[in-house]
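In order, the protein sequence lines correspond to chains A, B and C.
For the record, in the first sequence the residue sitting at position 195 is 177 according to our numbering, with numbers rising by one throughout.
For the record, in the second sequence the residue sitting at position 372 is 780 according to our numbering, with numbers rising by one throughout.
For the record, in the third sequence the residue sitting at position 107 is 111 according to our numbering, with numbers rising by one throughout.
Just to be clear, a hint being listed does not mean it is correct.
[Stated by the list, open to error] Keeping only pairs whose Cα atoms sit at most 30 Å apart, straight-line, the calculated DSS-like set for lysine-lysine is: (1) A:Lys86 <-> C:Lys158; (2) C:Lys21 <-> B:Lys712; (3) B:Lys755 <-> C:Lys94; (4) B:Lys597 <-> B:Lys693.
For the record, the hints were derived by calculation from the structure and aren't laboratory data.
Next come the chains, spelled out residue by residue.
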Amino acid sequence: MEMNQDKYSDLTKGYDQDSDKRGNIPAESVFEEVLPNVIAAKSNELFALARKSSLWTLSFGLACCAIEMMSAHMSHHDIDRFGIVTWPSPRQSDVMIVAGTVVKKMADPIKRLYEQMPEPKWVIAMGACATNGGPYYRSYSVVMGVDHLIPVDVYVPGCPPRPEALMYGIMELQDKISSDAKNRANLISKKHLNNEN
Amino acid sequence: MKISENINESGSTVDMLINMGPQHPSTHGVFRLVLQLDGELIVDAEPHIGYLHRGSEKLCETESYSQVVTLFDRLDYVANLNSELAYCMAVEKLLELQIPDRAWYIRTILCELNRISSHMLFYGVYGLDVGAMTPVLYGFRERERIQSLFEQVTGARMMHNYIRIGGVKEDTPPEFNENLHAVVLELEKAIEECDELLTQNEAFLARTKNISCLTIEDAIDFGVTGPILRSTGLVEDVRISEPYGIYDRFDFGIPIGSTGDCWDRYYIRMQEMRESLSIIKQAIKQMEPGEVQAKMRRIVRPPKGECFVRTESPRGDLGVFLVSDGSQNPYRVKVRAPSFANLQAIKHMLEGVYVADAVVILGSLDIVLGEVDR
Amino acid sequence: MEDQANKTTALNAASQKLLGILPSILNQPTLQYRTNIDELTVNLPGDLVHTICKILKTHTDTAFDYLTCLSVVDYEDILEINYHLFSYTKRHKMVLKCELKSTDPTISSISNIWRAANWFEREAHDLFGVLFEDHPSLDRLLLPDDFEGNPGLKSYPLHEYKEW
Ligand code: SF4
Chain A
-17 MEMNQDKYSD
-7 LTKGYDQDSD
3 KRGNIPAESV
13 FEEVLPNVIA
23 AKSNELFALA
33 RKSSLWTLSF
43 GLACCAIEMM
53 SAHMSHHDID
63 RFGIVTWPSP
73 RQSDVMIVAG
83 TVVKKMADPI
93 KRLYEQMPEP
103 KWVIAMGACA
113 TNGGPYYRSY
123 SVVMGVDHLI
133 PVDVYVPGCP
143 PRPEALMYGI
153 MELQDKISSD
163 AKNRANLISK
173 KHLNNEN
Chain B
409 MKISENINES
419 GSTVDMLINM
429 GPQHPSTHGV
439 FRLVLQLDGE
449 LIVDAEPHIG
459 YLHRGSEKLC
469 ETESYSQVVT
479 LFDRLDYVAN
489 LNSELAYCMA
499 VEKLLELQIP
509 DRAWYIRTIL
519 CELNRISSHM
529 LFYGVYGLDV
539 GAMTPVLYGF
549 RERERIQSLF
559 EQVTGARMMH
569 NYIRIGGVKE
579 DTPPEFNENL
589 HAVVLELEKA
599 IEECDELLTQ
609 NEAFLARTKN
619 ISCLTIEDAI
629 DFGVTGPILR
639 STGLVEDVRI
649 SEPYGIYDRF
659 DFGIPIGSTG
669 DCWDRYYIRM
679 QEMRESLSII
689 KQAIKQMEPG
699 EVQAKMRRIV
709 RPPKGECFVR
719 TESPRGDLGV
729 FLVSDGSQNP
739 YRVKVRAPSF
749 ANLQAIKHML
759 EGVYVADAVV
769 ILGSLDIVLG
779 EVDR
Chain C
5 MEDQANKTTA
15 LNAASQKLLG
25 ILPSILNQPT
35 LQYRTNIDEL
45 TVNLPGDLVH
55 TICKILKTHT
65 DTAFDYLTCL
75 SVVDYEDILE
85 INYHLFSYTK
95 RHKMVLKCEL
105 KSTDPTISSI
115 SNIWRAANWF
125 EREAHDLFGV
135 LFEDHPSLDR
145 LLLPDDFEGN
155 PGLKSYPLHE
165 YKEW
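Can you build the whole structure from these sequences, using the hints too?
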């Protein structure tokens, strides 16, 4: 430990090492806890952990549900707690929340936005309209659910869903991401075996 | 406007086309604007709408009269109760129905609260448009407050289906008055707070003062209504000039602007919130217990005929043209949406301004695409 | 409540006055003026619409400066176009109605009188297939360009709901 302390002495200068007040942890113990330890994990599960903890959503409001989506992002519900950051460009975002009615005129732009998003990408269909047409299921100009255009991972029912429901949907997506990583590892090894044979 | 117009043969400078939308953070929904730029100046602008055309008017013809209310909820999804009110008033006009007083007071209080929450959304989003991050957090804080009050009364945060033909769905819960008092007090403070935060901000003034001044003649000719019309200095508010419901029992003012620029449009909305609060306070004082639903048949079947109703929604003159053929379903419902007419003027407003102001001007119109496209 | 009921079911004073002066201003002896709930209503033949709108807007006694709404109602073989007019200065309102045959729905555009009519007419063209002559750009407004048919018409079918 002596060596460590010397090596990192300039980094630990800022800390008051003698103080034992709470919140002012001596730097030594931090290094003791973190540095000597080794984390062993499958790489894809580790990546999944990173991915699910920082989902950037494409800020993309279509109709009424967008207002509830905005509410979820704002002061009262504060979805930032889950690492959700809304981002206006598809090129840097991971999740597309389709919040609202998808009409036929908007179908092509939605597909293009989805294609512009880098892999890995996920889609949440928010509200009855994006799920299956909702109140407009008989309309001549509405696409009966966004899953006719792009693959959807999580459906959030409601018209509009409450912000809490959207949060729950996002938590489900996070579960899906981590469990997918596990399942996918199995899948890949199976495939590998099959190819060998 | 076609791209081919831009082929440059002489080697001189050419106009540039910029496509804004349909997915763009400051178009407030799915709205597409094609701008033709000469350097920094906008030469021409071509708005494209219809990315949210859900065919509500046609769907109304297949639903029964009382079911249509739900579709109206989803037209102007920022001020749902105001659109419900317009439709119910149209049916009641055909039925020649007398609405109980208490129902009118509840309607008025909720509609004015909805006007405040709609303007709060405008306040926040407009802040974002001009580059201020904080106002939107304050605006949504107040919206949350109003929405939870709505939830106590109507059972839903946004899509209420509370104003029904002949009155309202049910009487308010017993703790409503107390909670309303609390919300009104909070709002009073909050409006002042919001006002101090943004209105006289130097940067905000620079972005909005004297931008896109609209004259009264142009505004009227384009059919522009609501705060944007009042910002040009015309004193016009359907609640006062053709009072519907019980608005003639309240004493409130119509804030007007002088130049018709973006700042006036913004500030009128701030003042309207104060006026709405004063209406609510008067209504609480005057309200008495009583019936909330008129006596009528369960199946609504208005006589053959047609009528047109104008109401003042937060965005302007919301009209409903209703044709009945005596059956259970409306024969035709036409919504005269204020945002639709207001948005029409954007082409005129954008000509000759700097491209950086385009977002500020569009934001000041406070459009709701659900209403524009229907 | 009593006088309120009267207010909504009769012409207001300004519109009464309008009814008095309108025949002499328009100078069309064939026109019928009737009252529908609280609005003065006039049925017009299609070829008169443009001239009468022009008079109604420019004449100082009518001064209809605000086109509130333009709507189309489909009565199977007849398309009825409704113009709801309002005057901010005189504070009166009226409705013009014009019936078109649905086989040949052509009428002259009023978008050069009120600029507000521009999008209303495009919408009517889009949903009902009404042709407005001399309209600056009569394209589809709400529906995509490659959409076929006019869905506002009663004859246009709605989706039937299918279970997937
Ligand atoms: S699900 Fe309901 S709230 Fe959401 S977009 Fe559709 S109609 Fe609007």
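query: Hint by hint, which ones does this structure get wrong, listed from lowest number up?
result: none
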